[in-house]
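Residue numbers (the numbering used here), protein chains in the order written: chain P, 1 to 110; chain A, 1 to 114.
Please keep in mind that the hints were generated in silico from the structure rather than gathered at the bench. Where a beta carbon is used, it is the ideal one built from N, C-alpha and C, also for glycine. This list has only true hints and no planted wrong ones.
Facing chain A, a subset of chain P residues (Cβ under 8 Å, in silico): (1) Tyr32; (2) Ala34; (3) Pro44; (4) Leu46; (5) Leu89; (6) Lys97; (7) Leu98; (8) Gly101.
Non-contacting residues of chain A with respect to chain P, defined by C-beta distances greater than 12 Å in every case (computed): (9) Thr15; (10) Gly16; (11) Tyr64; (12) Ser84.
Listed next, with one range per pair, are the computed distances between beta-carbon atoms: (13) A:Leu55 / P:Glu83: 35 to 45 Å; (14) P:Met29 / A:Leu96: 13 to 23 Å; (15) P:Asn67 / A:Ser28: 31 to 41 Å.
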Amino acid sequence: GQQVKQSSPSLTVQEGGISILNCDYENDMFDYFAWYKKYPDNSPTLLISVRSNVDKREDGRLTVFLNKSGKHFSLHITASQPEDTAVYLCAEANTGKLTFGHGTILRVHP
Amino acid sequence: EAAVTQSPRNKVTVTGGNVTLSCRQTNSHNYMYWYRQDTGHGLRLIHYSYGAGNLQIGDVPDGYKATRTTQEDFFLLLELASPSQTSLYFCASSGLGGSQNTLYFGAGTRLSVL
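If we strip away everything but chain A, and leave its shape as in the complex, we get (with noise of 0.2 Å):
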């Protein structure tokens, strides 16, 4: 079982505020993505990453950065945060060719922008 580690599992800031979200994946996974979850728009795509030091922008990007740093670890930026941004935010990964479009979720982070 694919393993997918969110860090931290709640937080709260005010509106401005800076906030990291950390993902670890300790399966060689190539495919790192970052969703947001909102009730009435299910799982939307923030961006993703083939691999270290790539970026692909998703659907839903503005307000966001990411980097991915090495193989396991893909970070979410919100360098200034606004309450629209208050979400549930799940990282996943998925592997090469077949396996490519099996993606395995983290536990999630709920985010509260005051």
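Same shape as in the complex, but just chain P (with noise of 0.2 Å):
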């Protein structure tokens, strides 16, 4: 079955607005969380990352939440821009092996 699942293929938002990213895992062993971001024909870069010891971890505009109860992992991009506009995977980790996502698109329109 699919470890890690990104509900949402797509979301749209609007310029300002808050885009929030959910992703779910099944395995309880995952003690690392991330989120990448990838524009169409480049390569995934890392965006932020937590360990499973914390709960909530804030960078800029990007805040990413972790509910181990719920294996529920989740993106906040507040004041969204065009420029966010990309495919955002999420990603978990457990002895070195990352294991990603499908991905969601975000399209912030002006």
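Hints are included, so try docking the two chains, each in its own frame, into the full complex.
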């Protein structure tokens, strides 16, 4: 089965709004959680990550929330901008092997 | 910034063909990975390696072989290419310890199997 699931294949947000990207996982052993960003025809790059001993982490406009009991991991982007338009991939890991979700296409309209 | 270089950037072959995709990283990373990216599937791990001579099986290994000849070089081999292997292939590397899970990706190789 799919260990890491992004249930929304796409999301559209108005400029200035909050983008909320969600990820669900199955494996209790995951101890590392990350969001990668990918533009078309480019390679993925790391946006933000947390270890399993952290419930929340903020970095500028980005905030990640980790709900271990619910096996849920989310990324909130405040003051969304058109340049945030990209594919966002959640990823989880244990013992070095990173497993990615299918990705959510975020479109931020001016 | 970690440097991961893939070659070729584009490749076209026929069904049954033999293809080798190359990846080199110049940051002394121990871990290297091969992923494929397909619409509706995201990134799927094919093979990975902890170091020279080591090979680990990923989530979608069927039809692929890999070899890590040095710490810098990781190759993906398709000995009998099939149209289902048409995809965008990414190589990635990562370091040890706390940085182990931060992957640095190459630019990708687009493979078409006709």
